[in-house]
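Chains P and G are the protein sequences, given in the same order. Just so we're aligned, residue 1 is where the first sequence starts under my numbering, counting upward by one. Just so we're aligned, residue 1 is where the second sequence starts under my numbering, counting upward by one.
No lab work stands behind these hints: they were computed from the structure. Keep in mind that a hint or two might mislead.
Claimed, not checked - Just a sample of chain G residues kept apart from chain P, beta carbon distances all over 10 Å, derived:
1) 43
2) 44
3) 45
4) 54
5) 97
6) 98
7) 189
As the list claims (entries may be wrong) - Below, a sample of chain P positions facing chain G; criterion: calculated Cβ distance under 8 Å:
8) 170
9) 178
10) 184
11) 285
12) 289
No residue lacks a Cβ here, since even glycine has one placed at the ideal position from N, Cα and C.
Given next are the chains, with one letter for each unit.
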Amino acid sequence: MRFHLKNDLVRYSAALSILATSAWAALPALGSGDPGEGQSAPATLAETGLYSDFASRIVGEGIVAYQPRFPLWTDGLDKQRWMQLPAGASIDAASPELWEFPVGTKLWKQFALGGKPIETRYMERVEGGWVFASYAWNEDASAATLAPRQGVRAAAEIAPGARHDIPGSFDCASCHRGQKQRVLGLGPVQLAAGRTGDGPDVVELTRRGLLRGLPERFLSAPADPGPESREVLARGYLHGNCGHCHNSEGPLASLQLDLRMEIDEPAGEPAAIRTTSGIAASTSARSAPAALRLDPGNPEGSQLLQRVGTRDPFAQMPPLGTRVVDEKALELLTAWVRHDLVQPTAAASETP
Amino acid sequence: MPNRLKPWFVVLLAAATLPLLGAGGGTSTAKTPADASKALDPAKVERGRYLTTVMFCNDCHTPFKMGENGPEPDMSRMLSGHPASVKVTGAPAFDNGWASAANETNTAWAGAWGVSFTANLTPDVETGLGAWSEDEFVAAVRSGRHRGRGRPILPPMPWPFLSQASDDDLSAIYTFLRSLPPISNRVPDPIPPAAN
């Protein structure tokens with residue numbers, strides 16, 4: 001199943017962003033409700049302290065590279081991520097799903113294409129919240145400076161005709177303020193014990209003294225983890241790419257669409273299946289018209305897959321941060337819906 | 001259709017509105033939001049009514065009808081957006097420097113963005129803002145994205161200016177909109193611009 005971007009849609013989205021950006025440019029800074037709780041970020045990436053030697057890009061001492069188990073798709077760009085805690089401080093994981101990061105924590109996520117950095121996103125834990133910022137790299141990759149609050153359009157071409165935009169500060173908020181936890185890639189699911197992939201897991205972070213308080217039962221990896229099942233990979237993808245907006249605690253809770261995975265999943269159907277499989281969609285769009293969120297065995301009749309498979313700006317999911325369909329993910333999710341999801345039994349659907 | 005396939009909101013609403021039905025709440029077609037039983041602060045409602053009026057939300061969100069003195073907003077359909085019954089198929093051609101146009105109800109707007117239709121701002125759950133929290137309303141106005149995190153909101157919705165309102169004022173506008181009678185009117189999706 002594929003949805004083709006028509007020329008008119010490309011033109012359409014171009015017209016949209018021109019209008020939105022020019023309107024922004026004329027505006028004074030906003031006061032209240034601003035991401036970063038009113039505090040400002042350093043003017044250059046160099047000043048955030050990521051590199052001890054900027055020219056040769058040597059990462060500073062005590063800065064830990066990590067990778068989430070279910071990364072966000074950003075049109076195939078390469079990403080590197082780092083964290084730094086203040087000396088001697090650690091993340092408090094006593095509440096396993098709501099890690100508390102010490103004031104002074106710094107997190108970076110760098111986007112590159114063909115080895116050339118494009119932007120470096122930055123979060124810093126300050127008293128009362130987080131500062132969000134992005135730094136745009138110059139042509140010869142010798143410096144990266146704070147992007148304006150409305151972002152930078154067409155910062156790089158990532159595929160023929162598709163460009164990468166550096167998100168504006170409200171765009172950071174669209175994703176990072178859709179649930180209680182602002183940090184999305186460091187948590188008990190994303191760094192689960194024994195997870196496959198590079199970088200430290202919760203066990204390693206605990207060993208290094210960077211994480212404390214995580215209940216013991218989350219600190220032992222399965223003896224023989226083996227490859228993750230298609231179901232776990234599919235739900236993991238939804239967790240990493242959708243769950244920060246679609247959950248049961250944030251501003252979109254009223255949609256009753258919960259795509260998050262939990263470390264301590266209650267028995268029974270996981271939320272990502274319970275709130276999608278055989279459930280009527282409450283919205284429809286021209287390029288995502290299917291009536292059901294997911295129709296077990298029938299990917300073509302599943303609106304969720306249609307939304308993942310289109311870049312029509314009026315239907316695409318996620319609604320921002322990507323212009324190219326994640327074909328591999330679409331394949332994975334399609335196979336999951338076709339083969340693994342089961343039609344609710346007659347008995348189950350008869351209950352009032 | 002098995003029960004499982006029923007839209008979730010119908011089930012949700014049945015539960016949420018049961019206590020209201022006895023008191024005669026709700027119209028036959030429109031659905032009242034779940035929090036409708038909460039009393040709204042009358043002073044805030046009044047402040048919101050004032051702001052909504054002077055910031056001329058009605059100019060675009062209330063359909064116009066032909067009155068004795070010419071076109072005027074049809075206040076019996078206050079803020080219910082582009083009427084579903086008024087079909088609009090595409091944008092007129094523009095030249096000579098013209099860039100946008102509105103239809104006779106002043107609720108369908110054509111321009112470089114295609115055709116946009118003003119939203120139903122009444123608290124009807126299925127077709128209006130009934131399911132929106134205050135956070136979502138504020139985030140939508142401030143970010144220019146549907147429900148604060150979805151698709152971009154099209155012109156001529158003046159969100160870049162409205163986004164500069166204070167938290168208190170946006171809260172008052174939201175509260176006033178909650179106090180409106182819910183009107184069931186499903187506004188069509190925007191129409192993309194024609195190729196070329």
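Here's how the hints hold up against the structure:
Against chain P, the non-interface label of residue 43 of chain G holds: every CB pair exceeds 10 Å, the least being about 21 Å. Non-interface status of residue 44 of chain G relative to chain P is upheld: no Cβ of that chain comes within 10 Å, the nearest being about 17 Å off. With 10 Å as the threshold on Cβ separation, the claim that residue 45 of chain G sits away from chain P holds: the shortest Cβ distance comes to roughly 22 Å. The non-interface label for residue 54 of chain G is consistent with chain P: the shortest C-beta to C-beta separation is roughly 21 Å, beyond 10 Å.
Annotated as non-interface, residue 97 of chain G keeps its C-beta farther than 10 Å from every C-beta of chain P; the closest such distance is 17 Å. At roughly 16 Å, the least C-beta separation between residue 98 of chain G and chain P is larger than 10 Å, which holds for a residue marked as non-interface. The Cβ of residue 189 of chain G does not lie farther than 10 Å from every Cβ of chain P; its closest approach is about 6 Å, which violates its non-interface assignment. For residue 170 of chain P, the interface hint holds, the least distance from its beta-carbon to any beta-carbon of chain G being 4 Å, beneath 8 Å.
Checking residue 178 of chain P against chain G by beta carbon gives a least distance of about 6 Å; that is within 8 Å, so the hint holds. The closest approach between the C-beta of residue 184 of chain P and any C-beta of chain G is roughly 14 Å, which is over the 8 Å cut-off, so the hint fails. Interface hint status for residue 285 of chain P: upheld, as the beta-carbon distance to the closest one in chain G is roughly 6 Å, under 8 Å. Hint on residue 289 of chain P is violated. Least Cβ distance to chain G is approximately 10 Å, over the 8 Å limit.
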